[in-house]
Every structure is written in structure tokens, then in C-alpha cells.
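Q: Given the sequences, and given the hints that come with them, work out the whole structure.
Residues 1 to 284 (my numbering) make up the sequence shown, in order.
Worth flagging that the hints you see were computed from the coordinates, not collected in a lab. The hints are all genuine.
Label pairs and their calculated CB-CB ranges:
no.: 1; residue 1: Ile64; residue 2: Arg251; range: 48 to 54 Å
no.: 2; residue 1: Ala150; residue 2: Leu82; range: 33 to 39 Å
no.: 3; residue 1: Asp70; residue 2: Thr245; range: 54 to 60 Å
EDC-like, lysine to aspartate or glutamate: derived pairs with alpha carbons at most 20 Å apart:
no.: 4; residue 1: Lys97; residue 2: Glu127
no.: 5; residue 1: Lys184; residue 2: Glu153
no.: 6; residue 1: Lys187; residue 2: Asp166
no.: 7; residue 1: Lys187; residue 2: Glu225
no.: 8; residue 1: Lys254; residue 2: Asp244
no.: 9; residue 1: Lys184; residue 2: Glu225
no.: 10; residue 1: Lys203; residue 2: Asp244
no.: 11; residue 1: Lys184; residue 2: Glu229
no.: 12; residue 1: Lys110; residue 2: Asp99
no.: 13; residue 1: Lys187; residue 2: Glu153
no.: 14; residue 1: Lys254; residue 2: Glu127
no.: 15; residue 1: Lys97; residue 2: Asp138
no.: 16; residue 1: Lys184; residue 2: Asp166
no.: 17; residue 1: Lys110; residue 2: Asp87
no.: 18; residue 1: Lys21; residue 2: Asp70
no.: 19; residue 1: Lys187; residue 2: Asp228
no.: 20; residue 1: Lys214; residue 2: Asp248
no.: 21; residue 1: Lys184; residue 2: Glu151
no.: 22; residue 1: Lys97; residue 2: Glu153
no.: 23; residue 1: Lys252; residue 2: Asp104
no.: 24; residue 1: Lys112; residue 2: Asp166
The beta carbon of each residue, even a glycine, is placed where N, CA and C say it ideally should be.
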Amino acid sequence: MNGSTAILLLACPDRQGLVAKIANFIYSNGGNIIHADHHTDFSAGLFLSRIEWQLDGFNLPREIIAPAFDAVAKPLEADWELHFSDDVPRLAIWVTKQDHCLLDLLWRQKAKEFQAEIPLILSNYTELQPIAEQFGIDFHHVPITKETKAEQESRELELLQQYDIDLVVLAKYMQILSSDFVEKFPKVINIHHSFLPAFAGAKPYHRAYKRGVKIIGATAHYVTENLDEGLIIEQDVVRVSHRDTVADLIRKGKDLERMVLARAVRSHLHRRVLSYNNRTVVFA
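A: Shown next as C-alpha cells:
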């Protein structure tokens, strides 16, 4: 598809005629809807929607669309966001020593699987600096100890502001972000395996192997102040068997983490994730 689009994400109390009201706003201003996806959560009494329309031929300049739609949204008691497809988000990828998720995201970005700039890679170690140099991305080493955590998180926030970062992706970053950091910069996506909390800590795959697990999973979620309890964006599983070694489990787990994190980042960048009531709707 050629041309830019506008993307509306909306949640409001459910009532009759909501689709018609939104569609009529777009139609009456000369817009052509190309994607429309709706969901009603009856238990919460909420209507949720993602609508995308072409800006070519739309009568309202993009800076006028939001205030104009607000007149429609207020009577509906709606929470809503408006985005444009030609806005290019800026990502910072944070890592520790494992490179599989980092390399996968960098490759996908270079292959134009998603539209984003990646100007910054940050790590509490230096092992992955050569990868940043290979891809021509600035690398910042920010070591963190219990004593320096608050000071170093302040430095990290300064770097995010300096690089004008829209989203942080924790690509196997083995540090817990403080509640103060998350409050100041809430747009963070994390990936972790499914062995939590049963096999927390070091060598989870070795302990899972000893227990004879039959399924490995991975979860990508938004980060909150509560560890690994953020809103889930994407999950998947892969089966393992008695024939699989520890090395097989690790390989399958890394493959799964790459895929699940990439899906989550793509869904976020494509404005397909709508958060409400401690859960998400991820539109196809």
C-alpha cells in the first residue's frame, strides 16, 4: 500500500452505534478505511477498536485530526490514541551477555520487517559492544551494582532523552528496573522464558531438564514495577521430549524467545496493542 495512514486505538464503555459513529467521522471527512478491528469485553463492559484509514484524500490536516475527533470521543467517555504510519519510532535495545535476541531484532530491522530506528544499544557489560559497532549503532556501557543502581538509572534516563527514544526493548537484559525508572519511562518490553517462578535463578534449563519438562514457553510483556507481571503482548510454546538434551532445550528456548520478542515488538510498533484493566488486546 502506498501513502500514509492514520491509526486510531480506542476503548470506551460499550453501547450501540459506536462503530457507526467512528466510521462516520472518517467518512464525513473523506477518509477511506482500510483496516477495522473491534472487540467487546462483555465482562468489563468495554468496546475496543483499532481503525486505520488512508490520509490521501482525507479532508483534515493531520494536526487537526486529534482535536476534531476529541469532540466525538468525549461524549463516548473514550480513552484513545492517534498515530500515523509514517512516524518512525526510535528503539533502544538493552542487553547483558546473550546475543540471540539482539541479533534477531537488528537483522529484522535491517530487513525492514518493521519500521524503526535503533540508535542506541545499552548494556551492563561490554561483551556485545562489537555487535553494536558492526551495525553502526552507539553502544553505552552502564554497569550497575546495588550501591550505584539509582545513580546509573538516572544516567540511563538521560541517555533515553538524549537519543529521543520511544521504546526500550530488554533483549535478555539481566537487571531489574526500579519502580522509579518504570514510572518515568513506562514504554519497556521484556522477554523471558516460561520457567519462572519454578526455575528462577541460574541455569534454569539444566534444572528443567532434570525435572523432565515437556514444554518450553516464552512471554513478551510490558514492564511494570512488579517483576514479570506486566501486561502480556505475546506468548508461545514449543514441545520437548526425553530425547532432547540440555543443549537442545537451550537452543529451542532461544529460538522461541527470538520469535516471541520479535512479534511483540512488531505488534507494538504497528500500533496493534491496546491495554486496559491489566490486560491487552492485540489486534491482528
